[in-house]
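With chain W held as given, fit chain A onto it using these hints.
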Amino acid sequence: MADNEHKDLEKRTSFREIINLISLTGFVYGPLDDRLSIREALEKNLKKPVPDHVNWLFCFGGVTFLLFIVQAFTGVLLLMYYQPTTAEAYKSVVHITNNVPFGWLMRGIHHWAANLMSVFCLLHMLRVFFYGAYKAPRDFNWVTGVMLLCVTLGFGFTGYLLPWNQISYWATTVGTEVPSAMPVAGDLIKMLIRGGSDISQATLTRFFAIHVLILPAAIAVFLISHFLMIRRQGISEAL
Amino acid sequence: MEESSKGDVFGRRTFLDYMIGFGVTSWALLTVYVTGAYLWPSKKSIGTNTEDSVSIPLSDVPEGSSRKIRYKANPAIVVRTKEGVFALSAVCPHLGCLVNWHDGEKLIECPCHAAKFDLRGNVLGGPAPKPLETFKAEIKENVIKIG
Chain W
1 MADNEHKDLE
11 KRTSFREIIN
21 LISLTGFVYG
31 PLDDRLSIRE
41 ALEKNLKKPV
51 PDHVNWLFCF
61 GGVTFLLFIV
71 QAFTGVLLLM
81 YYQPTTAEAY
91 KSVVHITNNV
101 PFGWLMRGIH
111 HWAANLMSVF
121 CLLHMLRVFF
131 YGAYKAPRDF
141 NWVTGVMLLC
151 VTLGFGFTGY
161 LLPWNQISYW
171 ATTVGTEVPS
181 AMPVAGDLIK
191 MLIRGGSDIS
201 QATLTRFFAI
211 HVLILPAAIA
221 VFLISHFLMI
231 RRQGISEAL
Chain A
1001 MEESSKGDVF
1011 GRRTFLDYMI
1021 GFGVTSWALL
1031 TVYVTGAYLW
1041 PSKKSIGTNT
1051 EDSVSIPLSD
1061 VPEGSSRKIR
1071 YKANPAIVVR
1081 TKEGVFALSA
1091 VCPHLGCLVN
1101 WHDGEKLIEC
1111 PCHAAKFDLR
1121 GNVLGGPAPK
1131 PLETFKAEIK
1141 ENVIKIG
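Protein sequences, first through last, are from chains W and A. Numbering-wise (the numbering used here), the first sequence opens with residue 1 and increments by one. Numbering-wise (the numbering used here), the second sequence opens with residue 1001 and increments by one.
Isolated chain W, as found in the complex (with noise of 0.2 Å):
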């Protein structure tokens, strides 16, 4: 590998150490590294410095994140049992809680990191709302982070539904009639979320298909807008 290149980076460090490790995994980043650098890029953005106002409160947005990657790779894993029908869902949920090894493990995780990641999300716009870093020219950015809040109060309350129990259907039945309280267009918005009248197989099929399929799509979406843009526009100033 082109050492000389990278004389400066060659202190011994935690990350060198990771960097060496991942490097271990053998010929192909080798190849790789010369042609795209990317033992550069990684430590650029391991190492890339954050003001010095920068406190723990500042980590509410990553930790954030870190528990929607938990929800992902657990989210994946439910998937692998659970089934989206009215008669095989609560069945399948309480299969993946008593007799799926770790199955209760995946289930409390996915739970418990659901209501953290609301939690957390709140705590970081409490963040930047007091130390005022949505302002411009960081105004759009705490735009897609409204977005980001809706689609994780969307994950939670479509969530809701899947395990098929009681509490899970009255919730539903109580949370889907609230916009029929609307003027005009609201018994359409309800029979439209419900795909249907009531609460059944359908509202069943439509709310796994926007938890799994849809809010997923559009946290991406969200989600890059909202770190590129912080990326490029760095951390907001010291109050």
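Don't read these hints as lab results, they were simulated from the structure. In this text, all values refer to a predicted model and were calculated from it rather than measured experimentally. You may find that some hints are simply not true.
Stated by the list, open to error - Derived BS3-like pairs (lysine-lysine); straight-line CA-CA distance at most 25 Å:
hint, chain 1, residue 1, chain 2, residue 2
1, A, 1043, W, 91
2, A, 1116, A, 1106
3, A, 1044, A, 1145
4, A, 1082, A, 1116
5, W, 91, A, 1106
6, A, 1116, A, 1140
7, W, 91, A, 1072
8, A, 1068, A, 1082
9, A, 1072, A, 1136
Showing chain A alone in chain W's frame:
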């Protein structure tokens, strides 16, 4: 970054590096193990009957008909004729399609490449390289007991 350790001294930074490395590695191994155990299909996780013997009601298989069941977690075919009941593996040894009973011709045929078998599993024709596995089957009162 500061030098992590001077000479052979096992410094604080080196110690912390090791602790972090140990922690991250154990966490990663644990995650891999838990995920593997979760995904690996086992008797419990796929929830199918893997017991040594399976019983189905006699009325489910009228004379001259057949029925596919799961026996020891694999597809099996139960055929009832005048001579009695027969249980065989339903997986064709050629390319793994599920075989059918043809009462008119009195033989078992694979729908994919027309391998033919008799009720003892012997190959009568077609591309099957070996016979179908057979299982013990008997009528006990009103049930067919396989295995």
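We went through each hint and held it up to the structure:
1. 1043(A) <-> 91(W): At roughly 17 Å apart (the allowed maximum being 25 Å), residue 91(W) and residue 1043(A) satisfy the hint.
2. 1116(A) <-> 1106(A): It holds: about 10 Å lies between the C-alpha atoms, which stays within 25 Å.
3. 1044(A) <-> 1145(A): Holds, at roughly 23 Å.
4. 1082(A) <-> 1116(A): Roughly 20 Å separates the two Cα atoms, so the pair holds.
5. 91(W) <-> 1106(A): violated, 41 Å
6. 1116(A) <-> 1140(A): violated, 29 Å
7. 91(W) <-> 1072(A): Within the cut-off at roughly 23 Å; holds.
8. 1068(A) <-> 1082(A): With Cα atoms ~19 Å apart, residue 1068(A) and residue 1082(A) stay inside 25 Å; holds.
9. 1072(A) <-> 1136(A): The hint holds at about 13 Å.
Violated hints, listed in ascending order, are 5 and 6; each of the other numbered hints is respected by the structure.
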